[in-house]
Amino acid sequence: MLKRFCVLFIALAVFGECSVTTFPKTHTQPEWEAHVKDFIKLIDVQKLMSIAVNYISDPEVMNFVEFLLSPEFKKIIWEIEIMPEFREAYGYLKVKGYDFGFAFDFINNALNMPPFEPKTPLRNKKGISGVFEEMMAALPFEEMKKLFEDKLETSTEISELFKIINSEEYLSIIKRMSANQEFIEIKNILTLYGFKFDYICSFAKGIFGEYYQGIFCA
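If you count by mature numbering (1 follows the signal peptide of the UniProt record, and there is no 0), then the sequence shown holds residues -18 to -1, 1 to 200, one letter each, in order.
Don't read these hints as lab results, they were simulated from the structure. Possibly wrong hints are sitting among the right ones.
What the hints assert, rightly or not - Here are the simulated BS3-like pairs of lysine-lysine, each with C-alpha atoms no more than 27 Å apart in a straight line:
(1) Lys56 - Lys76
(2) Lys169 - Lys23
(3) Lys23 - Lys157
(4) Lys57 - Lys145
(5) Lys187 - Lys157
(6) Lys78 - Lys29
(7) Lys133 - Lys76
(8) Lys157 - Lys19
(9) Lys178 - Lys78
(10) Lys145 - Lys128
(11) Lys56 - Lys133
What the hints assert, rightly or not - Pair ranges (Cβ atoms, derived):
(12) Pro96 - Glu167: 36 to 44 Å
(13) Pro122 - Ile182: 27 to 35 Å
(14) Glu150 - Ser39: 42 to 50 Å
(15) Pro100 - Ser39: 14 to 22 Å
Predicted model, so just to flag it, every value in this text is computed and none were measured. A virtual CB, placed ideally from N, CA and C, is assigned to each residue, including glycine.
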């Protein structure tokens, strides 16, 4: 029980840090920090953390959290970052003026990894499915979707970004990435630990609607 508490405490500490972190500003997109904070303000972080604490004794949840803190998960992140299609997608956005290298650096730093170098049936109220289900129910999707729609109208950087990531050229890169055998194997490994990619799709669709055509909704 003590081991479980320690593992969950570390995970919650990282999650809590993510919710208040000040992202470094880039020369090309100095407004992104404000956009991220606008969405975070709508989320009851304490409620989400409370949900996570309620799952402290769930074996599947703890197994997944331990996996996230394991060398194996670091290896998965590294393999994604060196994947040719991933780097191509990153490079495509960077050329268009959207350099998200700082976000990957943040993830790598949280996992104690080297900096990113851009050159890869649901069970109710149990396990990973249960915790994601409850967290999804706790998110203010209507308010977040309205905020996103407002920003599409008022923010040039956001409207331009979603035009780019919905372009045929960028989507073709993402489709090739989703068909990459290494990427498929990584998804299979995460699935074995109880992670359901349907929730990523539902989360993105719930906020971005038709503007999200990601690799997890195929």
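How the hints compare with the structure:
no., hint, verdict
1, Lys56 - Lys76, "holds (24 Å)"
2, Lys169 - Lys23, "violated (31 Å)"
3, Lys23 - Lys157, "violated (33 Å)"
4, Lys57 - Lys145, "violated (32 Å)"
5, Lys187 - Lys157, "holds (18 Å)"
6, Lys78 - Lys29, "violated (37 Å)"
7, Lys133 - Lys76, "holds (21 Å)"
8, Lys157 - Lys19, "violated (30 Å)"
9, Lys178 - Lys78, "violated (32 Å)"
10, Lys145 - Lys128, "holds (18 Å)"
11, Lys56 - Lys133, "violated (34 Å)"
12, Pro96 - Glu167: 36 to 44 Å, "violated (23 Å)"
13, Pro122 - Ile182: 27 to 35 Å, "violated (18 Å)"
14, Glu150 - Ser39: 42 to 50 Å, "holds (48 Å)"
15, Pro100 - Ser39: 14 to 22 Å, "violated (41 Å)"
Hints 2, 3, 4, 6, 8, 9, 11, 12, 13, 15 from the list above are not met by this structure, while the remaining hints are.
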